[in-house]
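In order, the protein sequence lines correspond to chains S and R.
The first sequence lines up with residues 87 to 303 when you count with our numbering.
The second sequence lines up with residues 87 to 303 when you count with our numbering.
By construction, these hints were calculated from the structure, which means they are not laboratory data.
Please note that the accuracy of each hint is not assured.
It does not matter which identical chain is used: a pair holds within one copy or between any two.
Computed cross-link-like contacts, DMTMM-like style, restricted to lysine to aspartate or glutamate with a CA-CA straight-line distance of at most 25 Å [said to hold, decoys possible]:
1. Lys223 with Glu234
2. Lys300 with Asp154
3. Lys191 with Glu267
4. Lys300 with Asp244
5. Lys191 with Glu240
6. Lys215 with Asp242
7. Lys118 with Glu133
8. Lys191 with Asp284
9. Lys300 with Asp143
10. Lys219 with Glu132
11. Lys191 with Glu280
12. Lys118 with Asp242
2 protein chains.
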Amino acid sequence: MALIRSVFQDELDSISQSLVDLTAMVSESMSKATTALLSCDLKLAEEVIAADLKIDDYQHDIDSRIIDIIARQQPVASDLRALVTALRMGSDLERMGDLAHHVAKIARMRYPDAAVPTELVETITAMGKAAIKITDKTGVVISTRNTEMALEVERDDDEIDGLHRQLIGVLIEPTWTHGIETAIDITLLIRYYERYADHAVSISRRVYFLVTGKFAS
Amino acid sequence: MALIRSVFQDELDSISQSLVDLTAMVSESMSKATTALLSCDLKLAEEVIAADLKIDDYQHDIDSRIIDIIARQQPVASDLRALVTALRMGSDLERMGDLAHHVAKIARMRYPDAAVPTELVETITAMGKAAIKITDKTGVVISTRNTEMALEVERDDDEIDGLHRQLIGVLIEPTWTHGIETAIDITLLIRYYERYADHAVSISRRVYFLVTGKFAS
Chain S
87 MALIRSVFQD ELDSISQSLV DLTAMVSESM SKATTALLSC DLKLAEEVIA ADLKIDDYQH
147 DIDSRIIDII ARQQPVASDL RALVTALRMG SDLERMGDLA HHVAKIARMR YPDAAVPTEL
207 VETITAMGKA AIKITDKTGV VISTRNTEMA LEVERDDDEI DGLHRQLIGV LIEPTWTHGI
267 ETAIDITLLI RYYERYADHA VSISRRVYFL VTGKFAS
Chain R
87 MALIRSVFQD ELDSISQSLV DLTAMVSESM SKATTALLSC DLKLAEEVIA ADLKIDDYQH
147 DIDSRIIDII ARQQPVASDL RALVTALRMG SDLERMGDLA HHVAKIARMR YPDAAVPTEL
207 VETITAMGKA AIKITDKTGV VISTRNTEMA LEVERDDDEI DGLHRQLIGV LIEPTWTHGI
267 ETAIDITLLI RYYERYADHA VSISRRVYFL VTGKFAS
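So that you can see chain S by itself, here it is in the shape it has in the complex (with noise of 0.2 Å):
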């Protein structure tokens, strides 16, 4: 029994070795999309978009590990939360991803003009910046299930908050000269930068509820 219980925890492990992992890629994918959308570089937007691939087929191995150990090992209770916890762990990875890529499609569409207006050039590295904080985080908790660092995550997603509004605040300016257009792009780059911060904070909620079985906020 102990050896069986033993082979478990090492799947356990290695699912979690996984997830993070993941979360490398995807910290990796995001902040390519970010270099590419403001230095305008059109071979890194392609890239990240073909990266996204990637992305899906190793949340899917992920999945399908999950799912195989379910059905073998028979969990218990706890083991069985932890399991699907890592199920959902993967489609927000995923998701993540799906918002680098989209990311990366808007410095593409524009190319070889750029997306984003210099004005804004600072506060959207400041957002790139504070996705790839949090996304790091979020692997360390996933690794360590530090359930302070996952309270950091939630706060610093705060700071996304902050310079989301900061962001509409330029646009809807009566100074705002760069048209519809490039509103357009930024209003749903910002809504992208926010989901996918969003997602690092829903995992980090996840592991702080499968430590303390309390709710993060």
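Dock chain R against chain S, hints included.
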């Protein structure tokens, strides 16, 4: 054994019925949100916003029941896949409820003004109707596992995409006189309807895959 199997089948059917009920709740929410948006009905918008908690609770309840069934029944691989798919359909539906709630929040934010300018009312009405049509078909797909209808949902989604392009076309016309703030609202509204429909398509694809073992696209 036959008896246990039958109890299990009843439990699966009951989950399926609850997902159909949740689909109806979500459809009603989006229908009311669209009415609230287009008729500037604050009371109705508040109703949709309040109903979102009920949708969330209903989904959490389905989730718990599914996990409980997996823990107690230790289902074989195919039944396990059906249960995991049900978990995912619940998440899709919960998210569709969120998106209806977002539409209602834009209606509330702009009240007593209209968020949607008169010349866009017809297209947004059509978008709302298409979203409801897709949701209602999705309910039938969950209930009957009709794969033909699952493919229909996929095609109906093209209608939403067409309306999306049409609306963006109006926004970027030089004749657009409603300013940036309204353009931002419309951009977000389009995104909400589109994502709402995407989740319905995703549910139909999940059913299609469960029944045929093949991907719908």
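Open item on the list: Let me make sure I understand: some of the numbered hints might not hold for this structure. Which ones are they, in numerical order?
Closed with: none
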